[in-house]
Amino acid sequence: MTDRRIRVLIAKPGLDGHDRGAKVIARALRDAGMEVIYTGLRQTPEMIAEAALQEDVDVVGLSILSGAHNALVPAVIEKLNENSLDTVKVFVGGIIPEGDIPNLEEKGVYAVYGPGTDTQRVAAEIKAAVNPKSD
Amino acid sequence: MTLIDPKAIRNGDRLALSRALTAIENNTAESKSLQAALFPFTGNAHLVGVTGAPGSGKSTLVNQLAKTIRQSDHEENPPKIAIVAVDPTSPFSGGALLGDRIRMQDLSGDQGIFIRSMASHGALGGLAHNTAAFATLLDGAGFDVIIIETVGAGQAEVDIARLAHTVIVVEAPGMGDDIQAIKAGILEIADILVVNKADRPEAENTARALKIMLEMGRGGERMPLAGKHLMRSIVDKGDTPKQADQKHGWETPVRLVTAVEGSGIDTLVDDIRQHRDYLESSNLWKSKEAYRLEKDLEALIRDKLLAQWQESLDEEKYQKVLSEIIQRKRSPIEALDLLL
Chain A
9 MTDRRIRVLI AKPGLDGHDR GAKVIARALR DAGMEVIYTG LRQTPEMIAE
59 AALQEDVDVV GLSILSGAHN ALVPAVIEKL NENSLDTVKV FVGGIIPEGD
109 IPNLEEKGVY AVYGPGTDTQ RVAAEIKAAV NPKSD
Chain B
6 MTLIDPKAIR NGDRLALSRA LTAIENNTAE SKSLQAALFP FTGNAHLVGV
56 TGAPGSGKST LVNQLAKTIR QSDHEENPPK IAIVAVDPTS PFSGGALLGD
106 RIRMQDLSGD QGIFIRSMAS HGALGGLAHN TAAFATLLDG AGFDVIIIET
156 VGAGQAEVDI ARLAHTVIVV EAPGMGDDIQ AIKAGILEIA DILVVNKADR
206 PEAENTARAL KIMLEMGRGG ERMPLAGKHL MRSIVDKGDT PKQADQKHGW
256 ETPVRLVTAV EGSGIDTLVD DIRQHRDYLE SSNLWKSKEA YRLEKDLEAL
306 IRDKLLAQWQ ESLDEEKYQK VLSEIIQRKR SPIEALDLLL
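Taken in order, these protein sequences are the chains called A and B. Numbers in our numbering are just positions in the first sequence, counted from 1, shifted up by 8. Numbers in our numbering are just positions in the second sequence, counted from 1, shifted up by 5.
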């Protein structure tokens, strides 16, 4: 496990076309030493789960600004599980109302980040989620 | 970590394959036994390299090629395709942004296609250190065509010529004048030259400059150090002069393509097939494979020797010699005798 890099898939499920946030996170995680696979806009849950499988990622970050997170996030997690990727950690970024966060966490999301989140915090929490014992 | 079963990889288990690729990337002990288990099944895949400058349209072209190869065969079983897309690792953070999949969304949902992104990890030849091992594993897993997309490459990133059977070099219009076209390096390794973005006004001029470059190369005696010297060294290895002549029987085509629209792709797929037929009928396929395996072995020996040396190293002595070098009291050349 000496120089194993954390691999992260950043994906945008659903129909909104705003990916500045996804790109900011992708860049920040790159600068934190991770290998970030960015797949672009308008991904279906199947496409995301398929890319996660082929790329053997440790973490999937979903960027959603459309308000469809309550439908899309559980669908992505279900498809990940169908691909036997139940150990993959999932976080969500975007415009998510406070009240929806507990529901997403219950579905298996380990963190939800809103606008203005410190990207170094995102990176630190990914590292902690992937390697719970280190740091 | 559960163990990966090489039989599962042979049977098309995509998760096992994906984990095996990760094992290779991290150079684990398991990756070595997996590569050994699958090696007997290798040697069948057609390795197609796609290289060219950043933004010339490599990923978009790969997307179209894969789609067309999957569709154009009327057989029951169209060729299974693996794509390895290499992007650069940051020299500062060690991280990487791997964005080639963005252009390959059309391929999602096809179980006959497997795409893997790979960071270059500081290797300078346009590929990563482990790209060849990836190709071998995918070959052993039963993929018929393996498309390898290099890091955005300029002039000297020619490692792909050693790895791939067929090299496609992608140019975009307006990247330089005809002097660029006669410089040594990446243009020389092309088996097929593509001028992408052919809908742009300069495209015809670029294609013409490349054709003239190729014709100049064809005329007259080839000096050993001019022209395709990389290919030369392959050909010279145990080939008869006749086979070497046959190498010159392949005339590198220059194709105008607009990858975003998919125009010109059918011709390109035909070129790829014809190049494979050409390699097989001229026996160059075998000599290329032999050359590559020899180079792979050399690389493994180099890695192993370095690791052995590092293990047996007297750290204190090393630091002492190093500080002498830094203080310019001893040259690095002299230091070699002390350290080896």
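These are calculated hints, taken from the structure and not from any lab test. Incorrect hints may appear among the rest.
[Stated by the list, open to error] Restricting the straight-line Cα-Cα distance to at most 25 Å, the calculated cross-link-like pairs of lysine to any residue (SDA-like) are: (1) Lys309/B to Asn82/B; (2) Lys31/A to Phe97/B; (3) Lys37/B to Asp64/A; (4) Lys97/A to Thr27/B; (5) Lys31/A to Gly48/A.
Hints breached by this structure: 1
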